[in-house]
Amino acid sequence: MAIQEETREAPVEEEHDHAPHKKLVIIAWSGDLDKVWPQMILATTGAAMGMQTTVFFTFWGLFSLVKDNVRITGDNWMQKMVAMMDRPGMEHLQLGKMNFAGAGPVMMKHLAKEHDVASPGELLQMAVDLGVKLVPCQMTMDLLGLKREDMIDGLGEPVGATTMLMEAQNAITLFI
Amino acid sequence: MAIQEETREAPVEEEHDHAPHKKLVIIAWSGDLDKVWPQMILATTGAAMGMQTTVFFTFWGLFSLVKDNVRITGDNWMQKMVAMMDRPGMEHLQLGKMNFAGAGPVMMKHLAKEHDVASPGELLQMAVDLGVKLVPCQMTMDLLGLKREDMIDGLGEPVGATTMLMEAQNAITLFI
Amino acid sequence: MAIQEETREAPVEEEHDHAPHKKLVIIAWSGDLDKVWPQMILATTGAAMGMQTTVFFTFWGLFSLVKDNVRITGDNWMQKMVAMMDRPGMEHLQLGKMNFAGAGPVMMKHLAKEHDVASPGELLQMAVDLGVKLVPCQMTMDLLGLKREDMIDGLGEPVGATTMLMEAQNAITLFI
Numbered sequence: 006m007a008i009q010e011e012t013r014e015a016p017v018e019e020e021h022d023h024a025p026h027k028k029l030v031i032i033a034w035s036g037d038l039d040k041v042w043p044q045m046i047l048a049t050t051g052a053a054m055g056m057q058t059t060v061f062f063t064f065w066g067l068f069s070l071v072k073d074n075v076r077i078t079g080d081n082w083m084q085k086m087v088a089m090m091d092r093p094g095m096e097h098l099q100l101g102k103m104n105f106a107g108a109g110p111v112m113m114k115h116l117a118k119e120h121d122v123a124s125p126g127e128l129l130q131m132a133v134d135l136g137v138k139l140v141p142c143q144m145t146m147d148l149l150g151l152k153r154e155d156m157i158d159g160l161g162e163p164v165g166a167t168t169m170l171m172e173a174q175n176a177i178t179l180f181i
Numbered sequence: 006m007a008i009q010e011e012t013r014e015a016p017v018e019e020e021h022d023h024a025p026h027k028k029l030v031i032i033a034w035s036g037d038l039d040k041v042w043p044q045m046i047l048a049t050t051g052a053a054m055g056m057q058t059t060v061f062f063t064f065w066g067l068f069s070l071v072k073d074n075v076r077i078t079g080d081n082w083m084q085k086m087v088a089m090m091d092r093p094g095m096e097h098l099q100l101g102k103m104n105f106a107g108a109g110p111v112m113m114k115h116l117a118k119e120h121d122v123a124s125p126g127e128l129l130q131m132a133v134d135l136g137v138k139l140v141p142c143q144m145t146m147d148l149l150g151l152k153r154e155d156m157i158d159g160l161g162e163p164v165g166a167t168t169m170l171m172e173a174q175n176a177i178t179l180f181i
Numbered sequence: 006m007a008i009q010e011e012t013r014e015a016p017v018e019e020e021h022d023h024a025p026h027k028k029l030v031i032i033a034w035s036g037d038l039d040k041v042w043p044q045m046i047l048a049t050t051g052a053a054m055g056m057q058t059t060v061f062f063t064f065w066g067l068f069s070l071v072k073d074n075v076r077i078t079g080d081n082w083m084q085k086m087v088a089m090m091d092r093p094g095m096e097h098l099q100l101g102k103m104n105f106a107g108a109g110p111v112m113m114k115h116l117a118k119e120h121d122v123a124s125p126g127e128l129l130q131m132a133v134d135l136g137v138k139l140v141p142c143q144m145t146m147d148l149l150g151l152k153r154e155d156m157i158d159g160l161g162e163p164v165g166a167t168t169m170l171m172e173a174q175n176a177i178t179l180f181i
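Chains as they are written, first to last, in the working numbering: chain A, 6 to 181; chain B, 6 to 181; chain C, 6 to 181.
Just chain A, with the same shape it has in the complex (with noise of 0.2 Å):
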């Protein structure tokens, strides 16, 4: 309570009056298929509620931008063993739980086409249809040696933390 109190400073709350809908900020860390789902569907989610919605792809999430066919390569020996282990791109995202023999992410996605859950790939474009700002993470681009054009389009310009915690001001931001 005494830590509370000597922290707490001019409690801004008249906003809420007419302003009800706040900003949704979606960190998307993760590049595993069974935590892309819940980035894409909150984030298409907020946005058809009409809530203003980013996501900030950093660390293993910017896989989920990086072109089909680019493969990450440079002079670099680390950077060519990240690439070993992480393919790029939508349709090879591994699944973080259950991945035995590769059959997860596959039967994930049957399972999901039943049930009329879209695919990820299809969530990403419908994201970017309802007009969410997908946004990569300049340190991890740099940190691979990626550059623009081997992202997929529709993207906003990258940016840094700074960047995405000033857009997290008065936001729902949730780390996944």
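A portion of the hints provided could be inaccurate.
If several chains are the same, the list does not tell them apart, and a pair holds so long as it fits within one copy or across any two.
20 Å max Cα-Cα, derived EDC-like pairs, lysine to aspartate or glutamate [unchecked claim]:
id	residue 1	residue 2
1	Lys27	Glu172
2	Lys152	Asp37
3	Lys72	Asp37
4	Lys72	Glu172
5	Lys28	Glu172
Hints in this document: simulated from the structure, not taken from any laboratory.
Based on these hints, arrange chains B and C on the given structure of chain A.
Frame of chain A; chains B and C shown alone:
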């Protein structure tokens, strides 16, 4: 919207004027034991503090709410494959990180018991008792062919992402 | 900063004038290297932006704060089993996703070094220097039999979930 209207009861909104306690919304995505603990500990703590607390169980997290004797069946061979991998119910929760030979969960539960930390099942019951709203994700239920009677007692109506994001307005929202 | 400046376009800033920057609360649950990075990068970025920033280290995340020479011991055989699995201290952090033969962390650190991204240990020190409040979870410390003298310097008093949720009021709160 209709669902959200009927499941919310006795909204306590006037507290925002003089006691700015936010709502707490936990998106319980993981079914791993080491994630179920923070899901339930934070939910019960929030409710005990007087925060209007909702836990939205989705994806792997939904398995925490499935009755222990329910097996996921159905005509669908893919659902059966899911059924093979995840036995529902709190007593079978796996531990994401340390599960060597299945000893991890047993060990952690004993560890918790000696130190007076409640078990996940106890925390789930405690959450219900404290007035935490436990809400299953409709889409995940459909995906896995689960019906209301397959789920444990004390749950709110299944809802979708839209209702969850409505609840998340002006809440502390955590994706766990 | 240079990156952030050049990539920002059409900033929507007018709200920031009378609505100060929110607090930033990071619940550092994971001890994996690829999660410690975003924990520390976001914390240091937030602090550098002038946000009042707190990182609450719990569960696996607590291991980041344990002195490198401390081994978790005690009479309890279960604590000893935990001790076998996780060697505390930033230098031994595992990488959640790609840890093949232990090469992952070494590779990523080198990758980061070549690209001027600070190491987790450096980021932890930078966080302290920038005024980030690093707070260990009391319950996790009890669970693992850890005392204040087992933890690195520069930490705040251990707290529980209640204090953390109080701090999270009117904050951007991320579970990482």
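Hints breached by this structure: 2 and 4
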